[in-house]
Structures are given as C-alpha cells and as structure tokens.
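**Student:** Position chain B against the provided structure of chain A, taking the given hints into account.
Number of protein chains: 2
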Amino acid sequence: MKIELITIGDEILLGHTLDTNSNWIASRLSECGFHLRWISVVADNVSDMRHQLRRAWNRADVVLVTGGLGPTHDDITRPVIADFFKDELIARADLAEWIHDRFAQRGLKPPPGYELMSEFPSRAVPILNEHGCAPGIHYSLDDRELIAMPGVPTEMHGMLIETVLPLLESRREGHYRFTVLKTAGAGESFLSEKIGDPNALEPVHLAYLPSIDHGVTVRLSLSGSDLQEVDNTLKKAEESIRDRIGEFIYATGSTILEEVILNLLVEKKMRLALAESCTGGLVTSRIVSVPGSSEALERAFVTYSNKSKIEVLGIDEEILIDNGAVSSETAVAMAEGARQRADVDIAVSVTGIAGPTGGTDEKPVGLVYIAIADKRGTSVNRFRFGGGRDANRRRAAHTALVMLWQRLKDD
Amino acid sequence: MKIELITIGDEILLGHTLDTNSNWIASRLSECGFHLRWISVVADNVSDMRHQLRRAWNRADVVLVTGGLGPTHDDITRPVIADFFKDELIARADLAEWIHDRFAQRGLKPPPGYELMSEFPSRAVPILNEHGCAPGIHYSLDDRELIAMPGVPTEMHGMLIETVLPLLESRREGHYRFTVLKTAGAGESFLSEKIGDPNALEPVHLAYLPSIDHGVTVRLSLSGSDLQEVDNTLKKAEESIRDRIGEFIYATGSTILEEVILNLLVEKKMRLALAESCTGGLVTSRIVSVPGSSEALERAFVTYSNKSKIEVLGIDEEILIDNGAVSSETAVAMAEGARQRADVDIAVSVTGIAGPTGGTDEKPVGLVYIAIADKRGTSVNRFRFGGGRDANRRRAAHTALVMLWQRLKDD
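Which chain is which? The protein sequence lines are A and B, in order.
The opening position of the first sequence corresponds to residue 125 in this note's numbering, with each subsequent residue numbered one higher.
The opening position of the second sequence corresponds to residue 125 in this note's numbering, with each subsequent residue numbered one higher.
Chain A with its partners taken away, still in its complex shape:
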C-alpha cells in the first residue's frame, strides 16, 4: 500500500515551525506496519496544492493531508480539495450545528469564519473530532482514499488514530503485530552481538532504535494471514530475545525509564534525593516530568560550586582539595552527603566536565562520575562521553537514571 503525506503550511517552508506532525504520523504508521512512501511540504497556495494533490493521487493508494482546514483566510485546503475532485462545497446544517455546539459547551458563539467550515464537499465524509471544531475530509474514490486533517497536533492525533489507522487496517491484507522492548545500559552493537544474526528470527523483523535520552529500543514485528500464528511467532521471538538481553529490558511499549524508576521507588517505599553538578538539574527535571514524582522524590541539590558541595552536602573540603570536584571520591561524598542530609533511602550524584571548556589532559571534557548511595553502601562509576556540552549532559543524565534503575531492580 503506497501512502503519501502532504503537509500544507508556509510556516514550515519558512522554518518558523518544526514539522513534528510528519514525524508523529510516520512513527504511528510505522508502529502499525504501514510505511509512508513520500512526504511533501507545499505552500498555502492553490496552484502548488493542486499540483501536489494531482501527483499524489496518481501515485499513491492513500493520500494524507495535514493543515489549512482552519477558519482563517489562508486556510484553503477545503475548497482546493473539493475543486480538485470537481466537487462543490454545500452548506451542511448538521456540521453548522456541531460547530455551534462545540462553542456552546464553553458558553461561546462561533466567531466569524468558523461557520464557513460547515460548507463541506458534497461527496466527502466529514471526520469530527472532540479536540477541535474543524471537520476532517474523507474522499473514497476509485479504490483510493484521501484524508485531510487539521494541522493542529491534538486535533490531527485523534483523527489519525480514530479514523486513518482503522481505514489503513481495513485495506491491509492479513494481520500485523509488533512488540517494543525498551532497553537501558547496553549499546546497539552490544545488544546486536548478544542477539546474534537477525535472520535467525525470520519471519519476525527486528529493528534497533537508539536514542541518546532513552536507550536502545528493540522492535519486533510480523505480518501474516493467520492472526493466532502471528501472535504466537512474535511471542516466541520475544521470549528468545528476552533470554538473551532480558536484564537490559526496562519496559515494553511507551513506558519511560523515569516511570519505571518511580514505580520501583514507590513500591519499595524508598525516598530519593539527587546531587547534580555538571548535569545541573537535568536528572531531577526528567524525574519531575512524570506526574506524581513527589511520591518518591524528596529533594535535589545542584551543587555547582565547591562551596555548595561543602555546605549543602557536607563534603569534607580535603576530599575536594585532594581529588578535585570531578573525581570518584567527590561523587561518592556527594551521594552519601545527599542521602544523609535529605534523610532518604537512596541518593544519586553526578559530577563531571560537560565542556566545551574546563577539560585538561588528565580530566578531559566528557569525563563524568556517577555515584549511588543506599543502605548497602555506595557505588561509583566513571564514564567518558564524547559529545558537546548538551550531548554530554544528556548522556550523563540518562546514565544516572540507568544506574539508579539497575540498583533498584537488583535490590
């Protein structure tokens, strides 16, 4: 099945807006075993839109369009598509009422322009969405489909999931299933060595998706005519993968490492404290991004200066003088100090040289020490990251979370 995505919007061509919609759509489709064959971005002008629609309609089985369905004068997707199909816009009382109701729920009247959206192509089916009031447009003609969605992400998301994916599914011959295994603490090459020849998993398809912030995701997928068989084969492949790299898998699906860590802390009734230096609040910020993080996170210290390390964490000045702020001794003292001062069960510390300056031959940019202190004692690891300031800080933050997760699960 050939699928084309047309994104309409001057703001993307001008670079004012990063086109995250295309990536989101590509990812959702890909997860379900569908693949975008083409993505095209065209301007808000009739001629460019018509040309791209013609091209897409000629080469694709399914054409997805985003953008230009709103109420302002540069939203011309509705009339251009109708015109392309030699269709006409007709006033639809049901859509007018629906749009009216959407505003009435908030005690408002539709502003001028909004009512125009109830003028709809006569041969298309409207797609309604609770997240907005611009109806999507669905043409089904000559065994091909065109679906136009608003460019506002929340409105588009609902339509893609509720309408586009089921439509694609209905056109699929056979069944498709996938499993996502999220790993931390091992690189892509290490995992691929452990897993071995991916062809041995045939007919299951294996993919590695590495991310600087979230570790390597291992994705297994399979298509087939017999759903039961597809499920069983996939299950077996998953088991075989788990046998080989199970210790690195922290979640399946969309769960993130921060959630796993918070669940473990809550489950074990453990309170957490953090002492960050070079990461400067990044580890804490990632944990706080999860709703309910206050159940486990007691406090965090960003002890950037030596003075703060001494005063806030109670580190012996001798340790800093003898070993420097970036050292295993300081990392250990930071974690232990944080644990003691915050009176918590477990504490994590990070100290390092993020760069671009501050490195020496002995202690180069990218050198990071991470320590964890709990009732069993304190462990510390040394890392040498090789990126710029931003990458070094992100890698250090991710690694601190990985170490914390490993400590908690092995507890």
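Rather than coming from a laboratory, the hints here were simulated on the basis of the structure.
These numbers were taken from a predicted model, which means no experiment stands behind them.
Treat the hints with care, as some may be off.
One copy or any two copies: either way a pair holds, since identical chains are not told apart in the list.
[Claimed, not checked] Capping the alpha-carbon separation at 30 angstroms, the derived lysine-lysine pairs in DSS-like fashion look like this:
| hint | residue 1 | residue 2 |
| --- | --- | --- |
| 1 | Lys487 | Lys431 |
| 2 | Lys392 | Lys233 |
| 3 | Lys393 | Lys533 |
| 4 | Lys233 | Lys487 |
| 5 | Lys431 | Lys359 |
**Tutor:** Same frame as chain A, but now just chain B:
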C-alpha cells in the same frame, strides 16, 4: 528564485528520525530572505529519487538535496545524481587524498567504503567540509543549480553556510537585510498593539515569532537595490520599534536569555542561587546549558517536599501550614531562604502546581508563584498557566528567567 529541498532517507519516512535538517535549512534561508518553495522526502531508492530529481529540476531554480552521501551500501545519492545528469563517476585522486588525509589526522586509515566516495561525477564540483569526509556535489547547468549535501547535521550546516548561502546570494538581484529583536515579558498581541499597524513600517516587513521557551522574536526585513538605503531604512524601522517596545528587548540575533542573564550577573559580580519546586530543576538546567555558567551560579535546590523546604531552605513550618506549599508566602520564603543559605546576592524561587493532578478550585493546575530576593528586598508574582504538565513547567521556567532578567537589568 524557486528553491526546492529534497531530503533522502528511509529513517524519516519510517518516523525513526525527526527531520530537523529541513527546519534548520528553511530557517537559515528564511533569515537571509530566501524561501523554500517545496520540501520533499523520498526513500533511499533509485526510482523515487530519480522521479523527484526530475520534478525538482523542472520546476526549481535551485535544488538542494540532503542525505545518502555516506559510505554505506544504502548511500546512493552520488551515483543517482550522476546518472540523472547523464554524467559518469570518475576516480579523483585529489578527493582520495583528501579523504585519506581526513583519517590520517586522527592516525587512522579510511575503512572500506570511504575510498569509494572519491569516485565523483565528472561534471560536478566537489564541496569539501572540515566536519566530515563526504564531499558535497555541486552541478551548475542551464542557469540552474543542484547542491547535494550529507545528511549529518554538522556536515550539512557547514556546506549550507559556506557554499549554498553565498551561491543563493550571487543569484539574488538586489540586497536583503534583516534584524532580529528578541523580547521577553510580553505576549505577541501586547507587542503588536504597542507596535501598531505593521503597514506603517512599509517597505520594511515585520513578523512575530512566538516561542514557549524563548519569548516573542520580532523580525524586521527588507530587500532593495541600494544597500545603503536598505540598511538605513531598516535601521530607522528598528529605532521606531525600539521606541515602542525597547523595555522588552533582551537581545538581537541568536543570543539567548540565559546568556544575557549570566552576562549581567558576571558584570555585576553577583552570585545566583535557585530554589525550584514544580519546575524541578528546569530553570537551573537552562542556566547550566550555557558554557561558563559556573561563574555566576552558586547552587540550586529542588525542594520538592515540605520537609526539604523547611530543612534545606529554613522555611518556617508555620508558613507552609498557614498558606500551603503553593503560595506567595512560601515562594518568598523559598527565595529568601535560598539567598541566605547559599550566601549569594540574588535568589529565584518557583513553586506551583504543574498538573495533571494536585489542583483544587482554590489552587488550580497551572497556578505558579515566582519570587526573587536580593539586597533590595523580595518580590513575588502569581501566574496562572493553562497548559499540560510539560507546558506549565516550561512556561514557569521561562517566566522565572524573564523575572530574573528584569530584576537584573533594572538594578
């Protein structure tokens, strides 16, 4: 001048990679007064690439291509482009030597595959780049240009700036100049009311670019045949804008608010401490993202629990009991406590309800208090943000930086 960008890469169509290159190119071009007319993403296959090249070459004056220039078997941009122009690849000793030198500098030999990159289209000009070893390709034919660049961002960035922009400039009739004024502390509608009718600035073009993390950027641009006149007219327009909204402008060009704040702190020899609750390290992390932040940032506290607010910041328990953790009284006590405990000149505190849970009728999700304490006393502001957890935290962090900047510049 019609410019088309073709991005080559399965990883974008599969949703594995967010296409930030297109946005980066669109932004740089746009800043210089050039506009992308089309963006197309095609797969790493000969037929799709040929089709898109033909289409682009027929409709555009300048065709930019990214991706597929590397040394692996799926990097087929070089032979496909040569074939498209009915050209042939020839072995170029100079390129082989250049590639060899690139590796020799690091004491390495080029791995297999890399030497193949010295086979280059006979009628094209190579574009060399110090950030990588894949030569870019430049065809100039029939008053049209095609430039193919690697997909690796750092390699592409250099080629765009050093080769593509000057080439576009050489094709431009007349001159183009722009000025970027970065504002904080005022919304787009407020600024546009202050500035008034944009037509009054004609022929200068005015645009507002709002960002949740960086405030509203006001952009002035102008084209013309006489460079002196363009510069003068733009200068006058900038002065007129500064007369109206000068107090909100924190920088011109690419400088970020964090840098402005750090420069002010260093200039005034002031040390900074932070006490964050709902933002959970986000303000600190933004400040630490600037190299050299240790010159002014003394330390930060993420005092998530009430206990930590009392112990770490020395807040009177009565204040928390009487007013709650999210209150102007607590924000003030946090800022004053941070300033005193860290023994610094100025301290900023943030406390609020990021959501999605934890809100009440009296204290709804999105309620945030931000306080600043310095030698002149303590000020506190109340905000009501209306987004999700992530947006609320980002808005609160940005607003804290805005308040800090305002306090420092008025000092």
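**Student:** Of the numbered hints stated earlier in the document, which are not met by this structure?
**Tutor:** 2 and 5
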